[in-house]
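One line per chain: the protein sequences are A and B, in this order. Numbering follows numbering that gives the first Met the number 0, with no gaps: position 79 of the first sequence is 78. Numbering follows numbering that gives the first Met the number 0, with no gaps: position 114 of the second sequence is 113.
One thing to keep in mind: the hints can contain errors.
Claimed, not checked - No more than 20 Å apart at the CA atoms, straight line, and that leaves these computed lysine to aspartate or glutamate pairs for EDC-like:
#1 Lys173(B) to Asp9(A)
#2 Lys173(B) to Asp49(A)
#3 Lys141(B) to Asp9(A)
#4 Lys141(B) to Asp6(A)
#5 Lys173(B) to Asp155(B)
#6 Lys141(B) to Glu150(A)
The hints are simulated quantities; they were obtained by calculation from the structure and are not laboratory data. Computed from a prediction, not measured in an experiment: that's the story for all the values here.
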Amino acid sequence: MFVKTDDLIDLLAQDSAPTWRLRSLLAMALAVGIIIAAILFFVGIGFRPDISEAVRSNRFLFKFVVTVSLAVTAIWVTLSVGRPGGSLAHRGLALAIAPALLACATVVELLVLPENQWMPRLVGHNARFCLTLIPLLSIGPLACLLAALREGAPSSPGLAGAVAGLAASGIAATFYAANCTDDSALFVITWYPIAILIVTTAGYLIGSKLLRW
Amino acid sequence: MTTSSQENDWAVWMRAAMTGDAGAYRQLLVSVAPHVRAVARSRCRRLGAPESEAEDVVQEVLLTIHLKRRTWDQSRPIGPWVAAITRNKLIDVLRRRGRRVSVPIEEVMDSLQAEDQTSELSAHEIDTLLGHLKAQQREIVKSISLNGNSIRETADRLQMTEGAIRVALHRALKTLGALYRSNVRED
Numbered sequence: 000m001f002v003k004t005d006d007l008i009d010l011l012a013q014d015s016a017p018t019w020r021l022r023s024l025l026a027m028a029l030a031v032g033i034i035i036a037a038i039l040f041f042v043g044i045g046f047r048p049d050i051s052e053a054v055r056s057n058r059f060l061f062k063f064v065v066t067v068s069l070a071v072t073a074i075w076v077t078l079s080v081g082r083p084g085g086s087l088a089h090r091g092l093a094l095a096i097a098p099a100l101l102a103c104a105t106v107v108e109l110l111v112l113p114e115n116q117w118m119p120r121l122v123g124h125n126a127r128f129c130l131t132l133i134p135l136l137s138i139g140p141l142a143c144l145l146a147a148l149r150e151g152a153p154s155s156p157g158l159a160g161a162v163a164g165l166a167a168s169g170i171a172a173t174f175y176a177a178n179c180t181d182d183s184a185l186f187v188i189t190w191y192p193i194a195i196l197i198v199t200t201a202g203y204l205i206g207s208k209l210l211r212w
Numbered sequence: 000m001t002t003s004s005q006e007n008d009w010a011v012w013m014r015a016a017m018t019g020d021a022g023a024y025r026q027l028l029v030s031v032a033p034h035v036r037a038v039a040r041s042r043c044r045r046l047g048a049p050e051s052e053a054e055d056v057v058q059e060v061l062l063t064i065h066l067k068r069r070t071w072d073q074s075r076p077i078g079p080w081v082a083a084i085t086r087n088k089l090i091d092v093l094r095r096r097g098r099r100v101s102v103p104i105e106e107v108m109d110s111l112q113a114e115d116q117t118s119e120l121s122a123h124e125i126d127t128l129l130g131h132l133k134a135q136q137r138e139i140v141k142s143i144s145l146n147g148n149s150i151r152e153t154a155d156r157l158q159m160t161e162g163a164i165r166v167a168l169h170r171a172l173k174t175l176g177a178l179y180r181s182n183v184r185e186d
């Protein structure tokens, strides 16, 4: 590039305006992404009709324990995999929290529900909405997170994109769960992961192209 | 591996640099360059690549450190961060030159030790990359780097404001980083 590396250093040292930290950029992307998803939610689908009764149901509330923990852990891991040298080795284990919580709830559900209720609860009434609305609601958050990660430098671009996809689908699933009337853990563990996988795969594919540096 | 006192210096300088301290930033780059050079040279020697390739790596690593300095987590040591960038760019540059490479990170960490002679790149290399910049950006880059002018002197000479020079310089550096990347993708 330059005859002397010192010439380059002179140049770089002159461009030393204070910069935004990656953490702040991701925080901003997160906020904007949530706002976009919220607008889409309130304009497009809104709360379920019986929301005032639903909030007294443990099954309904537990959906948010799972989706919020997915969003929080995935954002935390994004912060690590978005940097040079970052890998799942540092924080990846945190991603097991949300699936573990959901698995426990599923076991409890199987214990308390009579067997003839298992299939009807699993199939539910909203599978098709679940599979379309979660990916739709996650588009805004995913776009924002990927835009912020472009300012990062992930050692593995695909991985960073995938983890951003997990975070985005955690946000989307949180909104969707407030609309969906299927509250059984059997429904959640069957359909939510499929929707989340779609978003995560999209994140992986876009990330491996867009997040190179 | 670098000594911890040296890494401490780097961390202190980088923290200052992130708040806009150009002097500290310069010290950091001057101090990091020989370490990156040592790694790049030993790797190129082993692959039988010419010395100019090593200097190319050094410059690309410094440019990347610059463009991606926001990604250093200030609560973590800075040495591994520099090593990760060095490794990544080493692979890019050597791959671009059509070499098959794998660079274990441990090796980069181990051989981040000083070796202090610079080598020069051919004039042809400079022109190919800088040639892609807009005329005004190229003028600013040459004024500051090759002629050693300050931002103010450059502004006076080109009859622009210092702010405009800073913005143009920043864009030029981002463009150079992108040019490197597109070179990688072509093959």
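- Message: Of the numbered hints stated earlier in the document, which are not met by this structure?
- Response: Violated hints: 2, 5 and 6; rest satisfied.
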